[in-house]
Amino acid sequence: MIGQLLAVFAQMALVLFLSPLLTGFSRTLKARLQTRRGPGVLQPYRDLHKLLRKGMVIPDTASWIFAATPHVLFVTTLLAGLLIPTVSAQAPLSLFGGVLAVVYLLALGRFFLALGGLDTGSSFGGLGSSREMTIAAIAEPALMLAVFTVALAAGSTNLSTVAQAALGQSWRFLAPQQMLAFAALFIVLIAETGRLPVDNPTTHLELTMIHEAMILEYSGPYLALLEWSAAMKQLVLMTLLVNVFFPFGLSPDWSPAAALLSLVVFSGKLLLLAAAVVLVETTNAKLRLFRVPELLAVAFVLSALALISTFLF
Amino acid sequence: MWPIRELYGAGLLAYALGVAGGLAGHASKKTATWMASLLCSLSIVGALLEFGASVGALLTNSDLAWSLSSGVPYLSYTVRLDPLSAYFTLALSLLAAAVSVYSLGYLAHSPAARSPELFCSFLNLLLLSLTLVFTASNILFFLIAWELMTVAAYFLVVFDHESAEARRGGLLYLVMSRGGSGMLLVGFLLLASAAGSLEFAALQGVGQRLPPPLGAVACLLFFLGFGVKAGIIPLHIWLPAAHPVAPSNISALMSGIVIKAGIYGMARVFFDFYGALPVWAGMAVLVFGVVSALLGVLYALMEHDLKRLLAYHSIENIGIILIGFGSALLFRSFGHPQLAALALIAGLFHTLNHGVFKCLLFLGAGGVLQATETRNMEKLGGLIRRMPATALYFLIGAVAISGLPPLNGFVSEWLTYQALLAGFGATPALTRLAFPVAGAFLALTAALAAACFVKAFGITFLALPRSAEAERAREVSFSMRSGMAILALACVLLGLGATWFLPVFDPITTRAFGVAVSQDLVAGKGLLLTAGSVRGGSVSTALIALLLVALGAVPLLLWLLWGRKSPRATGPTWDCGLPGLTADNEYTATAFSKPLRMIFAALFRPRREIQADFEVSPYYPTAIHFESEIQPTFEKHVYGPLREGVLAIASRMRRLQAGSIHLYLAYIFVTLILLLLFAVRG
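Protein chains in written order, with numbering that gives the first Met the number 0: chain D, 0 to 312; chain H, 0 to 681.
With the rest of the complex left out, here is chain D:
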């Protein structure tokens, strides 16, 4: 019981404190690829610390939804982070909800985020909300079909069971259905975390924004919570990808030695995936909004093929 509780807190600390580092690493690597020096990998921590101490301005048109949104987004994303296996195949709370709960918890956060965007009364907030919900909706079938492929292979939607099944056969990722599902989920990851070519996280032009447009009116501690949630969401989705498809090095339990070793491997895998995303970001221009459905249709076809290959092989 105590051990389990410790595992919960360990994973919570991991999700909370590793996520800004992942964001910082992505940004620095991106800067280097663009032959800029970049602000350093620790910059997101400094940003969060600064934002948490700053004062904030709340729009006079906003209601309690505006204040509730950062909190709802933060706790739903954090909880999703506790349901997935990170360093150990045995996620501390995996019984409380499997992959469906993770997807729907993130959706709950997004629901409030979009409401927060509308609550300000600004055109940009509405624009961001509308686009965010649209892209999330058309990414959903590809996501769910790929998730089904993985769940069917393991015979379970429980992520710890999925990870353990994957751990049993380490070279399974070479199977066609796994590769196809991974490719589909990779596209969904880019769309869901708001990266190029779907959304540009560093844009300064409101009309091209999606995620940034929704949070335009947020400042201070609320903005810190939103930024942190975005970082955690990225960590959650990337973890899902690396641990389900490449489960090497996952420790079977939460014994300190095994978990520490596993943490090293886990971080390495995450950095590799983040590097892949950054590579896609630097080599692609942003797509026009109405070309994004085509990209997501590719993801859907890939996951449908993955499913059909499960059936064939």
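Because the hints were derived from the structure by calculation, they are not lab data. For clarity, every value in this text was computed on a predicted model and none was experimentally measured. Watch out, some of these pointers could steer you wrong.
Which residues of chain H face chain D? A few of them, derived with a C-beta cut under 7 angstroms, are [as the list claims (entries may be wrong)]:
hint	residue
1	ILE383
2	PRO404
3	PRO435
4	LEU443
5	ALA450
6	LEU545
7	PRO554
8	LEU556
9	SER565
10	GLY570
11	ASN584
Don't be surprised by glycine CBs; every beta carbon is placed ideally from N, CA and C.
With chain D held as given, fit chain H onto it using these hints.
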């Protein structure tokens, strides 16, 4: 011993008194208002009594039947409270109680205010006939109750009969319902001919005894006949026409439970009167379910009439229920009773859940309509400050209908997903691919529903009011808020306490498939909901809710550490340097769904027209007119030709009706002779 019979009978009596009391007419406005409150109270009493009866029947797992002979051959007034009937009666009485409480405060300022006591009389008639539909156990008695329900609902829909829209919607509803009833009559007669009796008790499993082509025809007739009532696509067109124009408490009942009469009929016929159906039947139900769910939500997204939007969502949710039913039929065909039970539970649970949150949303929309006198979302906005309680309840309903944890919509959709996932492993060959694909479309549906409710709630309740009416809106009365509060509480309880509710389904699945699965679906001291076994996947809405609250400690800690001293100011929203933000700067409902309108342009075939007036140069327009509409595909391509055809035949047949009594007498005589000849020969 639970006095189930007495409670049930007393409930019917209360409804019946409620019907009779309003027919007497009224002397003055004041007595009419008093009478209406009295009749509403009677329907509350009736609903509570029926609630007690159905809970009793479910808890004691009883199967009570009692019968009155009518003196007319074949017709007997048999009612039977078996588990399936009790379950639907439970759903009905829960919603009826909430709606009646709401009506107490609603009637005075609604279209019903003209003669509120007559309105309440029809309301009681609707509740009475619905209770009888769910419990009648004789074909003729069932059909009588069915017609009574249709007619009562029609009178309520057109109660605001000065509105042409209401008359048209009501007429469409009545005509299509009649068509559906005709199919049901033929279907029931086919079954009765095989059983040799009109009692439901004799019909159990009788579908198998019909010769295959006739059995299939009957099956199809039932699906279409009940499908009209349930509003499956393409039989749905009456639903978005009739539901929004009715007084809002009636819209709530129509979407919440009247369309579920179609679902009840399908459950009764397919899982009680038929044994294992051929695979195509289950597949057809699954496909119709997926199509209804997806098209329902896509059409809902294009609506900016709040009540029509909700009406389209009813079609979507009927689709989700049918996905569960279709899977259950398929599993039964392939001989997997456990999985069939899981899928049926998913469908039936979603039936109740949809009833609860859709009723809640319609009551909320009714509050908005009463406060602002418009259903057009483009004229609303900012209501969360003016109507905080209504906004909160509407938000709870919106989260629930979007299938988000930890509320009830999530639980039934989760069970549906699990049934679909299990289907892949349990069925042979190509059939198995249908399940994950259905799952993917269900996921798309759920995500689109979330988008739609961000729009519905965000545009209606948030930011600045878009019209003077919205600006002046005031919170609705206490009784209306109480009605909504009951349903909002039900959303939360059915979500968090789902595992404790599941044993209710055991007697139903035992009857249908001979297995009780609630034991397997629940683990971890009742906290975990599983997919048949913990290994297959589990979820716990109660613990998720608990953790969401507990994790709130983290932001609180951060605030205590750093944010406490930081200043907090209120300022204007960034308006790009314009002189102050106005409602014109806000995103509109049409704009919100524009990306989806363009992505699904092949379906919507949007037409838009922009016309700019100018005096000097087109670059300085004085006024811009924008018009945009989507093509109503089914109305135009399916029902248009159908209506033309019917009218053409009708105008030919008019010659038969020449207005001469003698001619009519001759018709009757000839018909009689023909029938006698038929009888003598047969």
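Against the structure, test the hints numbered earlier, and report the numbers of the ones violated in rising order. 6, 8
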